[in-house]
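Peer 1: With chain A held as given, fit chain B onto it using these hints.
2 protein chains.
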Amino acid sequence: MDQIKNKQSKNIKFNLKDGQSPDREPIKRMLSQMEGMYLDNVTLNKMLSLGDRVVYEFYDLGMPENSEELAYGTTILYPGKVGDEYFMTKGHFHAKINTAEIYYCIKGKGYLLMENIEGDTELQEMTPGVSVYVPPAFAHRSINISKDEPLISFFAFRADAGHDYKTIESKGFRKLVIEQNGHPTIINNPKWKST
Amino acid sequence: MDQIKNKQSKNIKFNLKDGQSPDREPIKRMLSQMEGMYLDNVTLNKMLSLGDRVVYEFYDLGMPENSEELAYGTTILYPGKVGDEYFMTKGHFHAKINTAEIYYCIKGKGYLLMENIEGDTELQEMTPGVSVYVPPAFAHRSINISKDEPLISFFAFRADAGHDYKTIESKGFRKLVIEQNGHPTIINNPKWKST
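In order, the protein sequence lines correspond to chains A and B. Mapping the first sequence onto my numbering, position 130 (from 1) lands on 151, and the numbers just tick up by one. Mapping the second sequence onto my numbering, position 194 (from 1) lands on 215, and the numbers just tick up by one.
Since the hints were derived computationally from the structure, they do not count as laboratory data. Check the hints yourself; a few may be wrong.
No copy labels: a pair is met if it fits in one copy or bridges any two.
Stated by the list, open to error - Calculated pairs, DSBU-like style, for lysine-lysine (alpha carbon to alpha carbon, straight line, at most 30 Å):
| # | residue 1 | residue 2 |
| --- | --- | --- |
| 1 | Lys38 | Lys192 |
| 2 | Lys111 | Lys28 |
| 3 | Lys130 | Lys28 |
| 4 | Lys67 | Lys31 |
| 5 | Lys31 | Lys111 |
| 6 | Lys49 | Lys34 |
| 7 | Lys31 | Lys117 |
| 8 | Lys28 | Lys117 |
| 9 | Lys67 | Lys196 |
| 10 | Lys168 | Lys34 |
Please read these numbers as outputs of a predicted model, since none were measured by experiment.
This is chain A alone, in the form it adopts within the complex (with noise of 0.2 Å):
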């Protein structure tokens, strides 16, 4: 089937202080679909009793996907953890995997944490100003240390590229970033599987 190409320019406003847009809405991620990514699931259950919260928002415009557009938008992390666990994205390979994508960030403190299938790791920090590139082949997975702000990113990418969640969620990252003594520490992640 012939995709649908973009014939007109757009025109969507994302704001610099919150990333919120008032052109479009985004999609939620609760913490009660973020169950099985933590490592400590006695305290996310117990975090679940008490209510379910947003972990991040992001917004998919539903771009035509060719290769020829880019699929753009901002992403929320909001601030918090589960245990010692930081608030993160659930993480995705791209499912056409060897495209790239671009995070730039407007505000907030934290890692955009990355690995490829052969177990490369890649972790850079993001703080306002700052530009991350994710490699082509890359997992990536945004993670907020900060104890009080959101982590907003501007972020772009082909199209066509499509999401690939589910060996993220079935595997896991090889790493995690969790604090340690009141610092962000990377740790081997324990329950990591490697098939």
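Peer 2: Only chain B this time, still in chain A's reference frame:
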């Protein structure tokens, strides 16, 4: 020849206040390099006789030119006019013409002017927090309508898109944005050439 692909992530700062990177050197476009681009060539030459100046700066990170990677950076367009015509970038098509580009404005006030070969024109206002999507096959030019502030945007496009400056250098855009009675006004370009 095989393209070299990035196997590593990048962390490059582009300051949110002035768009400048402490990590890389920008490319500077001088007023003397804009000869023939403005309507009022007499005024341009008068200005140049008093001294040259930077009209805009942008970053080219030299990303590997393949379809799986992205080129990105900031563009900083200074305020000014040549006669009634606002300072602007040269504007260009992509060499791979059917590739899109995204701009995320972080400072200033201006427009993105776009047109395709068939003559469809798109004009989008740029203010802080506005993303403007340049659809595939549209030439694009930034225009700064502020009296005192630079127009600063973060941009991203497919790394193999390339630049075709020559078409616009020889034909011009069909439309121009000039100041009339103190207001930005879109007019037909009397110098536009159909061939």
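Peer 1: Now look at each hint and say whether the structure bears it out.
Peer 2: Status of the hints after comparison with the structure:
In this homomeric assembly, Lys38 and Lys192 never come within 30 Å of each other (Cα to Cα): the closest approach is 35 Å inside a single copy and 40 Å across copies. In this homomeric assembly, Lys111 and Lys28 come within 30 Å of each other (Cα to Cα) only across copies, at 22 Å, whereas the closest approach inside a single copy is 33 Å. In the homo-oligomer, the alpha carbons of Lys130 and Lys28 lie at most 30 Å apart only across protomers (25 Å), although the nearest pairing inside one protomer, at 37 Å, exceeds that limit. In this assembly of identical chains, the alpha carbons of Lys67 and Lys31 never lie at most 30 Å apart, being 44 Å within a copy and 38 Å across copies at closest.
With identical chains, the CA atoms of Lys31 and Lys111 are at most 30 Å apart both within one copy (29 Å) and between copies (21 Å). Taking the shortest Cα distances, Lys49 and Lys34 sit within 30 Å of each other both inside one copy (18 Å) and across copies (28 Å). With identical chains, the CA atoms of Lys31 and Lys117 are at most 30 Å apart both within one copy (25 Å) and between copies (21 Å). Both within a single protomer and between protomers do Lys28 and Lys117 lie at most 30 Å apart by alpha-carbon distance, with minima of 24 Å and 16 Å respectively.
With identical chains, the CA atoms of Lys67 and Lys196 are at most 30 Å apart within one copy only, with a shortest distance of 24 Å there and 62 Å across copies. Taking the shortest Cα distances, Lys168 and Lys34 sit within 30 Å of each other both inside one copy (27 Å) and across copies (23 Å).
Checked against the numbered hints given earlier, the structure breaks hints 1 and 4 and satisfies all the rest.
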